[in-house]
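**Student:** From first to last, the protein sequence lines are chains E and U. Numbering of the first sequence is given in the UniProt record's numbering, commencing with residue 1 and proceeding in unit increments. Numbering of the second sequence is given in the UniProt record's numbering, commencing with residue 1 and proceeding in unit increments.
Keep in mind that the hints were calculated from the coordinates and are not lab data. Computed from a prediction, not measured in an experiment: that's the story for all the values here. Built from N, CA and C at the ideal position, the CB exists for glycine as well. Warning: the hint list may mix true and false statements.
[Stated by the list, open to error] Here chain U is said to cover these stretches of chain E; the calculated rule only asks that three of the stretch's residues, wherever they fall, bring their Cβ under 8 Å from a Cβ of chain U:
(1) 7–15
(2) 39–52
(3) 75–85
(4) 119–128
(5) 150–159
Number of protein chains: 2
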Amino acid sequence: MNRRPPIQFCSACGHPVELRIPPGDNRERHVCTHCGTIHYQNPRNVLGTVPVWGDQVLLCKRAIEPRLGYWTLPAGFMEIGETTSQAAARETLEEAGAIVDVGALFSLLNVPHVNQVHIFYLAQMREPQFAAGEESLEVALFSEDEIPWDDIAFPTVAKTLRYFFEDRRAGAFGVHLETSTPDAAVPGAPVPSLPVHTAHTEDILTPMLRV
Amino acid sequence: MNRRPPIQFCSACGHPVELRIPPGDNRERHVCTHCGTIHYQNPRNVLGTVPVWGDQVLLCKRAIEPRLGYWTLPAGFMEIGETTSQAAARETLEEAGAIVDVGALFSLLNVPHVNQVHIFYLAQMREPQFAAGEESLEVALFSEDEIPWDDIAFPTVAKTLRYFFEDRRAGAFGVHLETSTPDAAVPGAPVPSLPVHTAHTEDILTPMLRV
């Protein structure tokens, strides 16, 4: 799912770039040796939905690599000019041929080793109608006991599905945040240097309780 | 806050690009006339925190354009290799000199006219220590009645602050999703074509209630 080409030349003027730390910055960037343009690289958002019909969820069998032949929730790269909800609805239509009403934000899963953030929304299918798009071999509705857990394409999709069924059983949907790590270390992958500690919401509510 | 240079040349081989719709795609991309590399453009995430100390929130006065001299929550572009929480903590340290424990996801605000998603986390300051970074003129703690509402740099920051104080008064923090639109139409800005309808969580919980 990574389609980022290497930066060797300046996309503004066509001259070679070099890696250096620009003034006022603290990390190496691709900087044009001719016009000085700094070419930043940033993580990308993959947006998708959990499309619901009755007690079933709509999954797509991937027609493209990576993970060709494995099952996924409809999802793909957010495009310029879109909101996150619009991207999620568009991907659901493109990959699964389903028109959905997009509901609550459901999961935000960091995948730093491939520089992606996967975001899924709950979505209600308008009708039990769907069709395989260009990137899908097959699209089908599954109830919880039919989910092909061993053939799910990506860990973020498996996690989102597990949270969905747990929350539905509990009668309340939450917002689920998590970081996915690779099963094996990826050679050359950047290693985040800043550990993040977790604050509890009560620490932040305390001032209110003191008023 | 937009630093995306125009794409005129291929960053992989240096030859000119042209705008065309690649096979199997449905929108125009910058495609290299020589090596065929497709150069996708995607929205970027701006990550920040609401840094809390007692009943106060930490704000930074911007030392750079856009909105130089206006107040903001510490926030900036997510970098390669980071998670959203790590980016939020790093920006808080860089811009405000404050070490925070990052808590719950608090707001996700789409800003499609500049191709950005602004994401803020609640954060607890470790100590009442802070210092202006390279991109800040001044950093200060504000209680609710001291917030300089007329001098806030960006609508997404004002909205996040208003949600914060409302939620704190209510005694429960939510996750707030919204789309910001420009006050005036931006010439040449892409217009999202797919309307998004909203599903209610009850529609999705219904199957559980029927079981």
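**Student:** Honestly, which of those hints from before does the structure not fit?
**Tutor:** 5
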